[in-house]
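Generate the whole structure from the sequences, applying the supplied hints.
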Amino acid sequence: MTDDKDVLRDVWFGRIPTCFTLYQDEITEREAEPYYLLLPRISYLTLVTDKVKKHFQKVMRQEEVSEIWFEYEGTPLKWHYPIGLLFDLHASNTALPWSITVHFKNFPEKDLLHCHSKDVIEAHFMACIKEADALKHKSQVINEMQKKDHKQLWMGLQNDKFEQFWAINRKLMEYPPEDNGFRYIPFRIYQATTERPFIQKLFRPIASGGQLHTLGDLLKDVCPSAVTPEDGEQKTQVMIHGIEPMLETPIQWLSEHMSYPDNFLHISIIPRPTD
Amino acid sequence: MLEGTSGDHPVQPQPRQGHLEQMTQGRVQIPSSMAGEEDFFLEEKRFKQHCEEFVKHSQQIGDGWEWRTNKDLGDGYLSKTHFQVRNRHIAQDLREKTSDNIEETLLAHVEESLDDSQVAGVCTTEEVIRYEYHVLYSSSYQVPVLYFRACFLDGRPLTLEEIWGSVHACYQDRLQEGPWDTITQQEHPILGQPFFVLHPCRTNEFISTVLTGPWKHNRHKNYIILWLSTVGPVVGLSVPLSYAKVAPEQNSSTDSAERALN
Numbered sequence: 001m002t003d004d005k006d007v008l009r010d011v012w013f014g015r016i017p018t019c020f021t022l023y024q025d026e027i028t029e030r031e032a033e034p035y036y037l038l039l040p041r042i043s044y045l046t047l048v049t050d051k052v053k054k055h056f057q058k059v060m061r062q063e064e065v066s067e068i069w070f071e072y073e074g075t076p077l078k079w080h081y082p083i084g085l086l087f088d089l090h091a092s093n094t095a096l097p098w099s100i101t102v103h104f105k106n107f108p109e110k111d112l113l114h115c116h117s118k119d120v121i122e123a124h125f126m127a128c129i130k131e132a133d134a135l136k137h138k139s140q141v142i143n144e145m146q147k148k149d150h151k152q153l154w155m156g157l158q159n160d161k162f163e164q165f166w167a168i169n170r171k172l173m174e175y176p177p178e179d180n181g182f183r184y185i186p187f188r189i190y191q192a193t194t195e196r197p198f199i200q201k202l203f204r205p206i207a208s209g210g211q212l213h214t215l216g217d218l219l220k221d222v223c224p225s226a227v228t229p230e231d232g233e234q235k236t237q238v239m240i241h242g243i244e245p246m247l248e249t250p251i252q253w254l255s256e257h258m259s260y261p262d263n264f265l266h267i268s269i270i271p272r273p274t275d
Numbered sequence: 001m002l003e004g005t006s007g008d009h010p011v012q013p014q015p016r017q018g019h020l021e022q023m024t025q026g027r028v029q030i031p032s033s034m035a036g037e038e039d040f041f042l043e044e045k046r047f048k049q050h051c052e053e054f055v056k057h058s059q060q061i062g063d064g065w066e067w068r069t070n071k072d073l074g075d076g077y078l079s080k081t082h083f084q085v086r087n088r089h090i091a092q093d094l095r096e097k098t099s100d101n102i103e104e105t106l107l108a109h110v111e112e113s114l115d116d117s118q119v120a121g122v123c124t125t126e127e128v129i130r131y132e133y134h135v136l137y138s139s140s141y142q143v144p145v146l147y148f149r150a151c152f153l154d155g156r157p158l159t160l161e162e163i164w165g166s167v168h169a170c171y172q173d174r175l176q177e178g179p180w181d182t183i184t185q186q187e188h189p190i191l192g193q194p195f196f197v198l199h200p201c202r203t204n205e206f207i208s209t210v211l212t213g214p215w216k217h218n219r220h221k222n223y224i225i226l227w228l229s230t231v232g233p234v235v236g237l238s239v240p241l242s243y244a245k246v247a248p249e250q251n252s253s254t255d256s257a258e259r260a261l262n
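Chains A and B supply the protein sequences, listed in that same order.
Letter 1 of the first sequence, counting from 1, is numbered 1 in UniProt numbering, and no numbers are missing.
Letter 187 of the second sequence, counting from 1, is numbered 187 in UniProt numbering, and no numbers are missing.
If you are wondering where the hints come from, they were derived from the structure by calculation, not from laboratory data.
Built from N, CA and C at the ideal position, the CB exists for glycine as well.
Hints are supplied without guarantee of correctness; some may be wrong.
Looking from chain A toward chain B, a few residues come up when the C-beta cut is under 8 angstroms (computed) [stated by the list, open to error]:
id, residue
1, 30
2, 80
3, 112
4, 113
5, 114
6, 123
7, 131
8, 135
9, 170
10, 174
11, 178
12, 194
13, 197
14, 199
15, 201
16, 202
The calculated label-pair distances, taken between Cβ atoms and stated as ranges, are [claimed, not checked]:
id, chain 1, residue 1, chain 2, residue 2, range
17, A, 163, B, 153, 44 to 54 angstroms
18, B, 70, A, 248, 45 to 55 angstroms
19, B, 181, A, 15, 45 to 55 angstroms
20, A, 177, B, 153, 56 to 66 angstroms
21, B, 233, A, 174, 32 to 42 angstroms
22, A, 178, B, 127, 54 to 64 angstroms
23, A, 244, B, 81, 40 to 50 angstroms
24, B, 244, A, 244, 46 to 56 angstroms
25, A, 234, B, 127, 33 to 43 angstroms
26, B, 153, A, 248, 15 to 25 angstroms
27, B, 153, A, 160, 44 to 54 angstroms
28, A, 248, B, 74, 27 to 37 angstroms
29, A, 74, B, 74, 48 to 58 angstroms
Pasting the structure below:
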């Protein structure tokens, strides 16, 4: 039987083979070759694509280059969503490698947040962690940490250092012995078909009678259309980190083991492939 | 100011810390006298009630606020758009023409920039900026959150640096202590578009300075008015004094429901 800790490693080291191609209308001095890269599921596009940027800037004139942004089949990719979430939501049932188009012009102001430096990514990452702890522990654990501990979470992510990250993150996964779980579960549910970017609500991991709430309970409560009707066929898949967890899985366990480094469970509801 | 001595031996200079952190020796811990986490939290039902009262009064005085509902989940937010004139200093030789009909396109409430210094060799031109403010409820922090976006009349959005620069002079010190903790760009949770946000984790800091006791003792006041009149000016939004007249109705069923939740 796999140890629970192995799940933490599997989640952390998940990778998506990706092919980056320069947008055809970008002006280049010579032809731009595509660039291949294994993207960490748990990280952010703008944090791990310095090499991609350098590769394409080599064939472009300086004045043609402004802020980089990425797009998949016409959809601008939100760099502030973890890479694994973007893939699961937009491309999970398509052939690998994932084909992403790279742009250096016409930044889509109405769709994407700006990302002029790593500070922006760090601020966003830390804001998510703080919000997750507000839900789990009324912010008590995150506020008790020193600034260097916060920094260690960020450095662990930035440098892909599992041990360094979890040395601090394990504290965010604890709860008082008298409770059986967190106060509320930090989660967001995404569906590419809705206008609303995600659904987020207060949800307790433990029922009033003491039973553990499951993933199915969460979906029934927050997004009932995602759960199979008794008679109908399941038209959608519920995906986290590229897999479909059983709906009977306790949500408390999922929160502890399958959250992203920002401490949120990012859950995709996608159309089930018909073949 | 020096850091506290809690066993940290920094090799590099640490970023400047807010005074709260200095008091607690480098650990970010709210002193227990302010702690009462429940004390400044606002339950969602009450948030909606206070927004309703707020909009009612806004309609009476023509202040431009409206409530928008999201049809999928039934939640919603307050919204207001206004135009603001800002003085911009530019060098003599780069003088730009200002549009003749700017005055005609302005809406009723135009506020003038406080920055009107005369610098030798520089002329000032007025720019009109369109601000859109939204008040949403954060279930994670159980407080209202102020989202806003700003663009020039030609559609160009303001950058984060321009937004930081436009924060009222009185609040610049606090902003400089931690700009990344205070105002950043974020995705609007209902519209999915980029907005600037005044971070909610600082809301309790602001509100606690306004109220003299825990929220329990201030229930007769409208939270939205108290909160917005405190945080709004930081980002160029003013709340006319006549709102002070608004008092929420006592609703005993919501009160007892809240006590049960806490």
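Right, here's what the structure says about each hint:
no.	hint	result
1	30	33 angstroms, violated
2	80	7 angstroms, holds
3	112	7 angstroms, holds
4	113	5 angstroms, holds
5	114	6 angstroms, holds
6	123	4 angstroms, holds
7	131	5 angstroms, holds
8	135	5 angstroms, holds
9	170	19 angstroms, violated
10	174	18 angstroms, violated
11	178	18 angstroms, violated
12	194	7 angstroms, holds
13	197	4 angstroms, holds
14	199	7 angstroms, holds
15	201	6 angstroms, holds
16	202	5 angstroms, holds
17	163(A) / 153(B): 44 to 54 angstroms	53 angstroms, holds
18	70(B) / 248(A): 45 to 55 angstroms	31 angstroms, violated
19	181(B) / 15(A): 45 to 55 angstroms	32 angstroms, violated
20	177(A) / 153(B): 56 to 66 angstroms	60 angstroms, holds
21	233(B) / 174(A): 32 to 42 angstroms	40 angstroms, holds
22	178(A) / 127(B): 54 to 64 angstroms	58 angstroms, holds
23	244(A) / 81(B): 40 to 50 angstroms	44 angstroms, holds
24	244(B) / 244(A): 46 to 56 angstroms	55 angstroms, holds
25	234(A) / 127(B): 33 to 43 angstroms	55 angstroms, violated
26	153(B) / 248(A): 15 to 25 angstroms	56 angstroms, violated
27	153(B) / 160(A): 44 to 54 angstroms	45 angstroms, holds
28	248(A) / 74(B): 27 to 37 angstroms	29 angstroms, holds
29	74(A) / 74(B): 48 to 58 angstroms	31 angstroms, violated
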